[in-house]
Amino acid sequence: MALRDERVTLAHGGGGKAMRDLIEEVFTSVFAPPGMEDQARLQAEALAEPGARLAFTTDSYVVTPIEFPGGDIGKIAVCGTVNDLAVGGATPLWLSAAFIIEEGTEIALLRRIVATMAREAEAAGVKIVTGDTKVVGRGACDGVFVTTAGVGVIPGGVEMAAGRVAPGDVAIVNGVLGDHGATILAARGDLALSSAIESDCAALGHLMVDVLTVAPGAKAARDLTRGGLASALNEIAEAAGCGIEIEEDALPLRTEVVGMCEILGLDPLYLANEGRLVVFVPEAEAEAALAAMRARPEGSGAVIVGRAVGGHKQVRMTTAFGGQRIVDMLVGEQLPRIC
Amino acid sequence: MQGFEIRVRGQVQGVGFRPFIWRLAQERGLSGHVLNDPEGVLIRVAGALDGLAEAISDEAPPLARVDAVEVSEFVFDTAPEGFAIVASQGAGAETRVTPDAATCPDCLAEIRGDGRRRHYAFTNCTHCGPRFTILHALPYDRAQTTMAPFEMCPACRAEYENPADRRFHAQPIACPECGPRVWLEVDGEERPAEEVGAVLQGAGIVAVKGLGGFHLACDATNAEAVALLRERKRRPAKPFALMGEIETIRRYAQVSEAEVELLRDPAAPIVLLQKAGEALPEAVAPGQDSLGWMLPYTPLHHLLLREWGKGPLVMTSGNLSGEPQVIGNGEAREKLAGFVDAFLMHDRDIARRLDDSVVRADPPMVLRRARGQVPGTLPLPEGFEGAPQVVGYCGQMKAAICLIKNGQALLGHHLGELDEALTWEAFEQADADYAALFDHRPEVVAVDLHPDFRASRHGAERAARDGLRLVEVQHHHAHLAACMAENGWPLEGGKVAGIVLDGLGLGPDGTVWGGELLLGDYHGFARRGWLEPAPLIGGDRAQAEPWRNALVRLDAAGLEGLADSLFPEAPRDLARQAAAKGINAPLSSSAGRLFDAVAACLGICPMRQSYEGEAAMRLEALASRALAHGELAEAGAYAFSDAGDLLKTAPFFQALAADLEAGVAPETIALRFHAALAQGFARRARSLIESGDAKAVALTGGVYQNALLHRLTCAALGDLPVLSHRTLPANDGSLALGQAVIAAAQSERD
Ligand SMILES: [Fe+3]
Ligand SMILES: [Mg+2]
Ligand SMILES: [Zn+2]
Ligand SMILES: [Zn+2]
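These protein sequences, in sequence, are chains A and B. According to my numbering, the residues represented by the first sequence are 1 to 339, in order. According to my numbering, the residues represented by the second sequence are 1001 to 1750, in order.
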């Protein structure tokens, strides 16, 4: 082993041997990208199918703390980009991974992140084929930032777009909401919770493929990340030009998350998720889509939460009392509004 | 031929004004004519006036408001014969609609008499009856109202067309022959209306279709019925409104002359009256010393109270929890079926939901501005004559829109909380309605600074779409300006010290304000004193759960142990961590939350308020009892310590804790708190006046609905000039007016 240091120093970003050792030992030995050129050279058979299209996405990941119950930044970086491809109807194939590392970061932490990424990528059926590292001085970033880009293939005939959602379509969510957001808040605040909540972080590529197999008429899907279900539904309603109505009683929520939200005054509809999506399917395909989701562990908690409607263009929630409340997109953080 | 022209301005259309003039002319043997035009009523008479101008002001019909009678000379081309009512002239004539008005004495006599309208539930005339609640569109003609499906019978038509009749041009005119009908519905089956009496007397609950929406009614003297209503409505404590005839009300409440006048106002509002005499079940208004009473205001109510049932009745709004009042028959059957044993239905549609207005006599104040008070304009103060047309879009709660045009403001009716879907639809309807009523084309849109208020977003979107100027107004500056405008404070009248005690509003510094001393005018403001900020643990949750506010205040005063012992059940550890780490715990100087904190310390609904303002209202009731015992002099007040601009709360809570320890009565503690708040802010306001910075003190913000606090503040201010709310709400109900005048003032300068 050439790498003896316990922590990353600026020398690891200097372009010399220290850097090469870091890259080889921590990254390429684990990810095993094809070839040693500074680019991935990929077979394009999947694209050659008639009507197939290339999907390409990128995201940067920043999370505090870097490791949390149920995952770490590496898991989010793989799953997040896989999910971005998946909700667009693409089968995810290849990822890139770029790291910005703060001087002083433990090498052991990097190894753990990379191990997670390799494991998640394998499980999700994608390959991490190229990457980059940069080291920055103390305070210039917070620990580790990861950027992943992803390439996938959308098979011919699949056309997922929020604008296609129409009144009558059914909205299905693949599991309980807000576990990730609640976990991060608790971890960040060192909150002494009576029971542990874990992040829901998961890759949803296989789940989406299964859904599209049994529900080829699926209209659109969104991964529920920042802003939660509320924001995703608002985006869809706006793009579709119709309303969406959800049932408060139908929302999948873990008791622990509800309890924590009550104490902290947060609305689980707005909490972030990293392994949840909402998919809109025609009514006739709803049961099949639901069953396909439930057949997978990451979709075992799938439920119908509502449907697209005509008559108004808002997202509304029918409350337990029977009234309807408008669920808006928030401008920023949840700010108190009761005067 | 020589003659005179009389121009009458004010609320003079749709109130029987032209037949009134016709009658005055007949009495005097005058010839000429009268007509409506966009400016009001125009009268032309030949020859002498014979005291006509004076009579117009002195004898005006009950619903008219005469602002000006201007007499000038006029020359007729040909001498008129007789006196005529001529058709309206000019675009915009007949575009006014007056508020709904309670049944007049003449109509009441007809209902109780033997004529053709005996026991007829839709009797009305130009002096009374429905207006805004039945109006679909302007001009205000029968065809544009929900009376359109009912074709007038010959007898009604004759009255309608006879200028000597008090039903001349009464658009909702009706009789049993041709008008709407009323029935009782039990289990989907139609029954005679009078059977409603048996249902009420059997402790049943009845949905009653009124003027602006459905009520849920039950026998107010029957504890079982009241308890059942609370249970079915899932409304544990929020006071129920009551309806009774004046003799009935006197049996249960103390009613002053001023209060009788308020009750008998054509608006027939709910009037808050001190309990006295016989007691009603405590469940009518738990923990309250006053009750909200109203008189019957439609013929249907009169029949219900005197002929069919026996008063008094609980009359609470018929709605699902959180939703606004139900207005449609089908909607009522669908939504209220689980609450009621019968429906008292009728077949005249309600075009627009209007809640009952709520007022108080001492100190006089409108608490909720709705049925009977809208639509109406109020003149803006001097200096706003040339203001551009502005629309103010209010806050999130107690929403009400305000339009400004031609030096007048039109403040719309109470809508409610805007996240509620039906309330939002009512907001959009009101936005369109009032614009049409006022022929309004705004150049400027004024909204609250809070980006997540639905109304703020709506305003910003409209401004962007229509290319209008958008002005964002700080919440408490808007409260201050609303109070100044209501009191006629001129545009350039100088600065006012505004004691703005409120729930909360976003400050320009990103923290949450609500217990402020602002020095300002329509153009701007400076923050010159405020309650020491404390974290609002859980944001809006802090409003629902008073203990959260007590916890942060006690902790800050070094009284953690007391907090632990007062709230053993509360999740204090997590709450404290959230406060320490700043997780959804924004700093706030809210006075409303300070009330909640003190209430929680005294054991008043510490874990949860069942309705907005419960803790504060019950704290006020408690303190008022101590004051009634004459305790203020001996009780003294707690004090906030001054630290620069901050009113520090720690010493205050330490004194309160010592009192609790010493076993001082909760009434006394509540009173000492009220006095502390009043005196703490009054002293600072006084110094702004003494230094010449301010010319008057304004008392505003939702907390100033508290009559005791109002009185104590006025006492502490002594002879300083005080501006306070009387005809408009101190709470967010008048916020849009403040926003609109501030935006107008800004636009003037540019
Ligand atoms: Fe306010
Ligand atoms: Mg993305
Ligand atoms: Zn009448
Ligand atoms: Zn008739």
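Just so you know, these hints were derived from the structure itself, not from any lab. Backbone N, C-alpha and C fix where the C-beta goes; we use that ideal spot for every residue, glycine too. Hints may contain errors.
Coverage of chain B stretches by chain A, computed from C-beta distances (three or more under 8 Å per stretch; other residues unrestricted) [as the list claims (entries may be wrong)]: (1) 1060-1067; (2) 1139-1153; (3) 1562-1576.
Here are some chain B residues pointing at chain A (derived, C-beta under 10 Å) [stated by the list, open to error]: (4) Tyr1160; (5) Asn1162; (6) Gly1539; (7) Asn1584.
These are the hints, each one checked on the structure:
no.	hint	result
1	1060-1067	violated (count 0)
2	1139-1153	violated (count 0)
3	1562-1576	holds (count 4)
4	Tyr1160	violated, 39 Å
5	Asn1162	violated, 46 Å
6	Gly1539	holds, 4 Å
7	Asn1584	holds, 5 Å
Violated hints for the displayed structure, listed by number in ascending order: 1, 2, 4, 5.
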